[in-house]
Amino acid sequence: MAGILVHDLCKSFGAVQAVDRVRFRVAPGELFGLIGPDGAGKTTLLRMLVTLLTPDGGSATVDGLDVVRDYRALRTRLGYMPGRFSLYQDLTVEENLAFFASVFGTTVEAGYDLIAPIYRQIEPFKTRRAGALSGGMKQKLALSCALIHRPRVLMLDEPTTGVDAVSRREFWDVLARLKAGGLTIVVSTPYMDEARRCDRVALMQGGRLLGVDTPAALEAAYDRPLLAVRAAARYDVLQALRQFPHARSVYAFGEALHYTDARPSVDPAEIRAYLAGRGYPDATVEPIRAGIEDVFMARMAAPPPPPTASPT
Amino acid sequence: MHAFLGFVRKEFRHILRDRRTLLILFGMPVAQLVLFGFVIRNEVNDVTLLIADPSQDAMTQALTHRLLASRYVDGVAYQTHLDGIEAAFRQGLAREALLFEPGFAERLQREGLARVQVIADATDPNVANTILAYTTAIIQSYEQDLAATTAVSPGIVPNVRMRFNPELRSVYLFVPGLIALVLMLVCALMTSITITREKEVGTMEVLLVSPLRPVPIIVGKVVPYVVLSFIIVLVILGLARTVFGVPIRGSVGLLLAECLLFILCALALGILISTRTSSQQVATMIALAGLLMPTVLLSGFIFPISSMPAPLQALSHLIPARWFLAILRGIMIKGLGLADLWTETLALAGMTGLFLIASIRSFHDRL
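First to last, the protein sequences are chains A and B.
Going by this note's numbering, the first sequence opens with residue 1, and the numbers climb by one from there.
Going by this note's numbering, the second sequence opens with residue 1001, and the numbers climb by one from there.
Please note that a few of the clues may not be correct.
To be verified - Pairwise CB distance ranges, derived in the manner of DEER restraints:
no.: 1; chain 1: A; residue 1: T107; chain 2: B; residue 2: S1278; range: 26 to 34 angstroms
no.: 2; chain 1: A; residue 1: A180; chain 2: B; residue 2: R1361; range: 39 to 47 angstroms
no.: 3; chain 1: B; residue 1: R1249; chain 2: A; residue 2: T127; range: 49 to 57 angstroms
no.: 4; chain 1: B; residue 1: M1293; chain 2: A; residue 2: G64; range: 50 to 58 angstroms
no.: 5; chain 1: B; residue 1: F1012; chain 2: A; residue 2: T107; range: 14 to 22 angstroms
no.: 6; chain 1: A; residue 1: E109; chain 2: B; residue 2: I1357; range: 34 to 42 angstroms
no.: 7; chain 1: B; residue 1: R1361; chain 2: A; residue 2: A110; range: 15 to 23 angstroms
no.: 8; chain 1: A; residue 1: T54; chain 2: B; residue 2: V1243; range: 53 to 61 angstroms
no.: 9; chain 1: B; residue 1: R1361; chain 2: A; residue 2: D56; range: 21 to 29 angstroms
no.: 10; chain 1: A; residue 1: D56; chain 2: B; residue 2: R1017; range: 53 to 61 angstroms
no.: 11; chain 1: B; residue 1: I1024; chain 2: A; residue 2: L238; range: 52 to 60 angstroms
no.: 12; chain 1: A; residue 1: A216; chain 2: B; residue 2: D1365; range: 37 to 45 angstroms
no.: 13; chain 1: A; residue 1: T107; chain 2: B; residue 2: V1215; range: 47 to 55 angstroms
no.: 14; chain 1: B; residue 1: F1012; chain 2: A; residue 2: S12; range: 39 to 47 angstroms
Hints in this document: simulated from the structure, not taken from any laboratory.
The structure displayed is predicted, hence computed values, not measured ones.
C-beta atoms are modelled at their ideal positions from N, C-alpha and C, and glycine is treated no differently.
With the rest of the complex left out, here is chain B:
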């Protein structure tokens, strides 16, 4: 026990002395959170809108006002003819155009159906999608208001509804992903580096010749990183909560427990990498290419799993972050409990167990 505590103390010293790495570990999640929260938004809020309104009736005016009042529109060009739209798009003067048909209100009242054409600049398809979703939502809400006040039921617009995140706020999406990413980075990457560093520098030789057994060495390596990553989780959650207003609708205790499970999983992976490699560089490459990339690309963090091709969807089952993300989003955004999330939890726990066994087995107490 004396030896083990000495080991843990030494590990803490390594971490605390390496100011630069420590700064990156704490600065990175905060920077990413700010980046994802403020800069890289899925929501769009600077759309220049072109409204072509040959009809100029009460209804087109009312709809125009609603669009103007919405957060995503930044500038508006208003015209009463349908010409020059193509040119406005080409010159980047408009990212979205709304074309009312002539006699809009009249047709709507008489035939119960009026057409409005919505065109979006699809240079960035994600942005276009989002813009279209905003617009149809506004049109739809106007329609509903109309239906409530008039006898005629007006024309139907495709029904796009966003549950839980009606404004499509990307922070909701990114915070859980960010937690998974940071934990992977801190736990898997840092542990694999710290063990391979001892091999590279030669201190592992001395450690192995000492009476310390593999398990205390591994656990001693891991304890400081568990503490460190747990603090980082708390920082991210706190920031997400206070600055970005991301809710935690489910149990906080359960959330933290699941985080701990994922931390263990990532640590086990990190140890596994370090036992199979002998240089910090190789360990870093494997951790980045083998863990971070799949975590970003295949976990549903950025790209929805449902829109992946079938083989990639199958592959995503092997990514721990996929299960962890489902758990996090379930607890934070949907307010689910363990009863709803036990399959995901079981999958994650199973993987963690496998990795732990594999990593302890492949840690040799000789060179």
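In isolation and in its complexed conformation, chain A is listed as follows:
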């Protein structure tokens, strides 16, 4: 049992505590998501795990190797895809791949079967320069390069940011296939809806973890009644709901507004009546199940759980 073990990891830049006593565990072969908005500390955390930054406090082992002490050995076992597109734009697709293979002392042929499902899609363009690829293809190439040396652990920093919806879905399919092959994967993302594609997720905000669990368990733990409110005048209704005396939180989620009440239970009819009285008779109100984003919002507003609450 190696996987990843993170124990009270801390990192600050000047006065900013980027990562604050973060602890979690990733089992071998698990697809683990780090979920949080920009500035939550995801990149800093990942950079410590891939030995690019040394922690100020705490410790971490990846595949049984300490990220500080054994960083040389660890680097041969890691596949890492940074947040920015980090390939050589002036080299062709196959040159990029061959370069990264050579850097890890291997060849494209030796690692081909692992990357084949991904690389085959961009292989028709192998003589094209990487800079001329579309966003989705660039990302597939970057992933191929990160996998060419058959790493034991793959770390991806916001791989789906700035990628279209179809490519995003394809990318998660690819990750699921890699996971099925036994690879341990840590992936960070600001998109809450991607949490469902992970075995377990860590919700991160302001350098701290707001909770670590399976997406389903996190959603199930959401104990407040949640209502979805839809109306034509969305923004005005949002303002009106926030003025409702029992309102706890009102957020815009896509087309709907998510409303939670400060009381233990709430009747949707009461809200409908209130909105009708405020001049929005068209508003529909219905109870819904909480999604990860609701969980995130609720936990962000609440004080962070004590560190010992992290599951193992």
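Using the hints, position chain B against chain A.
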């Protein structure tokens, strides 16, 4: 080794694909050489000369003919009176005037001393200096010829002699400086840019997480530039030799070896800059302001070190190009060997060593 070769191959590809930069790297030295060789000359060759000769004797005539025959004079106004000289200068009709005293030959033969006044337009002091040097040289040579044929020794003119470069040909001066400048530019500037580019684009992150160690990364970055700059040196030397007739009087092998030493020095500086900066823009600024300017201004390339104020002279000791220039000029123009140039070589080698150690030390294998 496999990883290292892969790295070098990649670097070569970066360079060869960037056609525009490559064109600049090769075009610039050639353009500069032509510029310095043909256009920006210290020697002057289009002087309009005004000769005022109230004496009109055999000697003033002979001297006038000599001046006319010289390469630097382009047009001549001849008059027998001393009026209107001020106006000719003001209107730009003359850049130099020669005023013979009346009864020039007579006085020279009788008293052994005759006066000729030489006036130069000093709007450009460098040009004026050069013109005066030409003129006095011509007068002096005439004097010597006179002394050989007549019993009387004629009047003395200040003794200005130019060893090695009697015609004050600026190409002799510029070629070594140009080599130093181009090497600084290619090696220091290009290396610092290429490393900071990897940081800026984010590829450095991936390289660092790979098993590649700092030394192979640095050396792999540097090898293509060593090759490239060595080719450029050969081009400059070839052009200087064939087109401008600049001699290489000393050993060519020694010359190339010293060039290699300077290339290493510049590369080390470039790496040092790149390890301390994180953007291509900052690296470029530092390389330009911190390396190229001193190389041009303080190395003796354009302004002689001997005419600098003492603090700047002291500062010039810290400029690698100063030592390299002394070496180049020594080998090419004076034909010196290592025995005469070991202090300069040692200074350069010492600096190179320091920069190399500093740059490898400051290259971190983490972010």
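Tell me, which hint numbers fail for this structure?
-> Hints 7, 10 and 13 are the ones this structure does not satisfy, whereas the remaining hints hold.
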